[in-house]
Structure formats: structure tokens, C-alpha cells
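Read top to bottom, the protein sequences are chains V and D. Its first residue numbered 1, the first sequence is counted upward by one per residue in our numbering. Its first residue numbered 1, the second sequence is counted upward by one per residue in our numbering.
Be aware that a few hints might be false.
Heads up, incomplete: computed chain V residues facing chain D, CB under 8 Å, no partners named [what the hints assert, rightly or not]:
| no. | residue |
| --- | --- |
| 1 | Val98 |
| 2 | Pro245 |
| 3 | Gly262 |
| 4 | Gln383 |
| 5 | Lys386 |
| 6 | Ser393 |
| 7 | His400 |
| 8 | Gln415 |
| 9 | Ala418 |
These are computed hints drawn from the structure, not numbers from a lab. Backbone N, C-alpha and C fix where the C-beta goes; we use that ideal spot for every residue, glycine too.
One-letter residues, chain by chain:
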Amino acid sequence: MNRPKWIRVALATLGFLAMGSLVAAEGVTVTISCGSVGKDQTFCKEGAEAWAKKTGNKVRVLSSPQSTSDRLALYQQQLAAGSSDVDVYMIDVIWPGVLGQFFEDLNPYIDPRVKEGFFPSLISANTVDGRLVGLPWFTDAGILYYRKDLLQKYGFSKPPTTWDELFQMAKTIQEGERKAGNQSFWGFVWQGASYEGLTVDALEWIYSYGGGTIVDTKGNITVNNPRAKAALEMARKWVGTISPPGVLSYMEEDARGVWQAGNAAFMRNWPYAYALGNSADSPIRGKFDVTVLPKASTPEGRHAAGLGGWQLAVSRFSKHKAAAVDLVLYLTGYQEQKRRAIEGSYLPTRPALYQDPDLLKAQPFMGRLYDVFVNAVPRPSAQTKKKYNQVSSAFWTAVHNAISGKVDAGMALRQLEAQLKRIKGAGW
Amino acid sequence: MLKRSLQARRARAAWLFLLPSLVLLTLVAAYPLLRTMQLSLYQASILDYPLRPVWVALANYAFLIQDAYWWLSVKNTVIFTVASVSLETLLGLGIAVLVNARFPLRGLMRTAMLIPWAIPTVVSAQMWRWMYNDVYGVINDILLRLGLIAKPVAWLAEPSLVLASIVAVDVWKTTPFMALLLLAGLQSIPKELYEAAHVDGATPWQQFRYVTLPLLKPALLVALVFRTLDALRVFDVVYVMSGTNPSTMSMSVYARQQLVDFGALGYGSALSTGIFFIIAIFTVIYLTVLRVEVD
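Bound conformation, chain V alone (with noise of 0.2 Å):
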């Protein structure tokens, strides 16, 4: 008893440290990093730990910036600095071309087939110089939200399938409804602020009148052609008259927050404004629906939803890639995206999660959707690779120049082809 009180201190400190090890032995601690916008953290958390408890590892979830940018900028720094605190990365789809080389090739690490559970177009995404640098984890495709009340109001027995009928029915629903009082009301919102967000609505537009995807596959610049100009006239045809003057200034919440309030006729938006516009409190529950964009009414045009969309990756500096790579595979699982789809409506990167009748009961416009999830048309982040951000940034820069009218569309392309070329150089 008369032991002095130091030699007990040393001896509990000894045996902290030993049960330390022994947890360590059961296992490890795999840190990851998903996203924190609407319930991300969530459901990453409780995927993470159900894989910890039916593996004997430890998880640890990280926070991050709810903006891409951000995330991209923070995820950028600590990569570039070589650090091992992360080992899982969720990635947006545009990034394995940016950040690929900093994370691991997943292809020795599983079996071949795994990768034919995933829609094809999401695999190619994730595949960069033949390494296969993440697995994707769910989708996002840009779709349109009508109000079904006020088509019927206004006599019109379908969505619009072109963009003309969409700014006929935008411009006939937006003068009945001010006739009828309400002066804030728009026909259509969408996101014409001046970021990322702004390049995948102006590619749905492009693309939607057969213009391309501002550069091929091959590499390349093709934006500066007369389809694209149409495409951009139209828009800035739109603002002021069918949508806001403000509009140009909107980014994703913005827009819901018009259309939310039942301010809107129209909505361009990704899945997650679904959920959120079904909830009790909404103003519109109920009252709306989603459907494909649509299309230009000439021969070339087409159909197209900007794809958006999550990955999990493994970084290269990490010290534990097994149990990472196991991580991955689960959060990534037919099971654990079920169960996302079903709670939090995150769209399946599995074709075959589409045909499951418990998610077709829970969440039916997925099934509808089905075809427009799988045409989605990528930004060219796969062919520009780490210049992909310069080449987004110019590219919104030029279009948001031209639907503000600060200069015409021609022009704006043309000076943009311009400052492509200088950005590619000698190549992407």
C-alpha cells in the first residue's frame, strides 16, 4: 500500500497501453470522409458502422464542406501533402480525372466481376488510364419538376417533351397565375449562377440540341458550333421572360426555395429536391412531379439529364488498404445501397437495385427515371483530366456572359474556344 503514487501511475498508463493493443490486434481504424449535405452524415455513418461491427474494424467519419468546391479544394490539400489521416474519400463523379493519381487502383484488390453489379457509364467514369480509382456509390441526374395542379389548371395534359412547350406552358401558367394575384410567380427556375452547377445545366442544354459536350472523347473542343449557339440564345431568351432576372444569380437551393414556396411552374434541379418537396411542411407536397428535361424541337434533339453522382476511393497514402477497400465494397453493396435508397432516396449505382420491388414501392419515380438515370451525359472531366476545373470555369464564365447578355452567344463561344485551346496547350 505504501507503493509510491508514481510507480501506480506508470503501472495504470502501462495498462492503458496494453489494452490498446489488444484492440488494436482485433482490428483497425479506418477513417472515411463522406458528404455532409442533407442527411449524408447520417446514413454514411450508420453504413460505416454496420460494416466496423460485422468486420471487427473500427470506423471514424469525418465532416466536410457541404459546397463541392470546398470539399474539392480541402480534399486537393490534403492529398497533395501526402497525408494518411483519411483512407476512404467520397469523390464527386468529376474528380477521377482531377485526383486520380492520388488514390489506389482498386482492379487488384477485386474480383473482375464485382465491377459488372455497376452501370457501365459509371465504371468508365471511374476508370482513368486504365486504373480503376473509385466505385461508385449513388448517381444524380438533372430532371425537370412540374407542377401537376397547375397543367391541369391550365389545360395542358403532359409535361412538356421540348423546350418550346416548356416555355409555352411556363409563360401561359406564369401570366394566368400574376392575373390571378400572385406577382412573384416564374415558370421556370433552374441554376444560372455563375459556378459548377451552371455548367451542367448549359451542357443539358447543348447537348439537349445535339452540340456536343463542349469536348469530345477524343479530346476535342467542339463547343464553338451553331447548336450550342442555339442553345445558349435560348436560354438568355428565357431570362426575364420565363424565369427570373435574379435566376442568374441562383445555385441549386436558391432555385428550390422559389419552387418550394410554390413560386415556380418549373424546376430544373437533381433528385434530392424529391424528398425534400414531399416533405409534411411543404407548401407543394404532393402537388408536383419529375420527369426526363426536354429536348430541342429540332431533328438533333435529344434528351439529356447532366450526370451528377458520389464515389468511394481509397487513398493511396492510406496504411490500412485492405480493410479500406473492404469498406468500400460494402458501403458500395446491393444491400447497403437498398437500404439508402429506400430511407434517404439516394439513387443506386446498380441497375439491378432498379427492378428490386421493395425500392420500386418506396421510391416509384426511380423506376420511371430508370432510362433517364442511365443515358446521363458526363461533363468531359474523363478527357481534360486536371484540367477539368479550368476548363468548367471558362466554360461557365463564357455562358454566363452570354445569358446575361453581356455579350452574344457567338461571341461568347468563340472567345471561349479561344481559351480552350490556350488551356489545353500541348494536350489535357
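Please build the complex by placing chain D on the supplied structure of chain V, with the hints as guidance.
Frame of chain V; chain D shown alone:
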């Protein structure tokens, strides 16, 4: 002999006391600055692993000189600085004179006026973003009700209005800071001068013009220097309100886009060096003016 060694000892002691500050300054100011200047002579991408810097000498600066976006951002920043600092000075002076007068609840008033300044810029900028919204924003609602505008204005979308809208937010936020600095200056003016002026029959305007203003000049100049240098490196309010939109992009927003979004360490560093020199020019101008004033 004895005197000189005493002097030498005192000089040594003085250097010894200065040393910690000098070391600190070298670490936090000189090193990053020189490193940035060094980096600006290379071409390097943060996305290369490992980093592969290529020596390009002055190529980054050659590009900077003919980079239209850089000059646009310089222009935006200078307009922003001149507009916001002059408005803040005028309003700040008015408010300082007002709260310097004796009236009930003066203490409360002085505290309350600091609230805009105490809110983090990112938070207040986001708040203003919502207030400016053309469809559900409160500003349009008020102006429409008052009959000042016929239809909603898109404050953050109309190219001719965005910069002015951002200046307004900065003025709202930073006027209290200006007022506080000027209030301190006002309180250092001896009361007797006003009594003497009063006895001499000076009107309140004459008192302000010939007593307050000349004596406030040192405080005013210091406040101007503070605000100008601060405004020249503006980032947060512009970034939150309109991102990298070229019609409002400030020098810092542009440098950040190159450095962080594009990972262009070399060109981004050249831009940072450019910002450093532009701010240095303003500092030299102010210092010259200040010295003239002090002499």
C-alpha cells in the same frame, strides 16, 4: 569611454529586446512572402504527385501583364475599395459625431452599433444573399411596398448592380469599425477648445470645420489606411455573394481560384505577388501623405 560602452550596452539590450519580434516577423511575414515570390518563378500544379516544379523565370509575370481577368479583378477591387472606404468614412464620421454627443442610453447605442461588425462576414454575407433574392428577398419586398421600385430587382444578377450590392454589404458591416476609430479620435479632442470656440461665437458647423476636423485628421488618416489596405485584399464577402463571377471578382478571389481551384501554384503565386505590390503602392502613398501631415 565609459559613456560609449554604456551606449553600446544599451544598444545591445535594445536589439536583444527586439529580437523575439524580429524572429517572429521573419517567420510569419518574410518567409511566406519570399517563398511565394520564389514559387512565382516556377510552373507547378498541386495535382501532380510528387510535385514537379518547372523553372519558367518570369513567364508567369509575362502572362499576368496581358491577363484580362487579372486586370478586371484589379479594376473591381479598386472600385470596391474607393467606393466602400469613402462611404464608410462619411457614414462613420457622422455616426461618431452623433454617439459622441451626450444623450440617454449612449452606452447602449455604442454597443448596439457594433453588432454588424461582430457578425462573421461569411454569415452576414449569406444573410444578405437571401435578403437580396429577387423573388423571396426582403429588400425587394420593402422597396415594392414603399413604391420605390415598380418590379423586383435582381440585385445579384444584374451585371451593373452586383458590385454596388456587395459594396452596400461591406459598408453596412464595416461602418461601425470606422465609427469606433473616429470616436476614439473625437474623445481625445480637449473640451476646452469647443468652449473657446463657443465663446468666440463659432457656429456648430464652424466648430466642426475648424476644430473637430483638423484635430481628427491623424485618427482619420489611420482609419483610412486600415480600411483601404483591408478593402484591397477583400475576399469573403465577394466570394460568398457572387463566387468567381468576373464582374465582381476581386484580386484575392482570382488568386484563390488559380491557387486552390486550379492548383496552379506558380501562376497563383505570381498573382499573390502582384496583389502584394499593389497594396505596397497604396501603403507608400499613404505613408507619404501621413509624413507630410505629421511634419
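* **Those earlier numbered hints the structure runs against, lowest number first** => The structure breaks hints 3, 4, 8 and 9; every other hint is satisfied.
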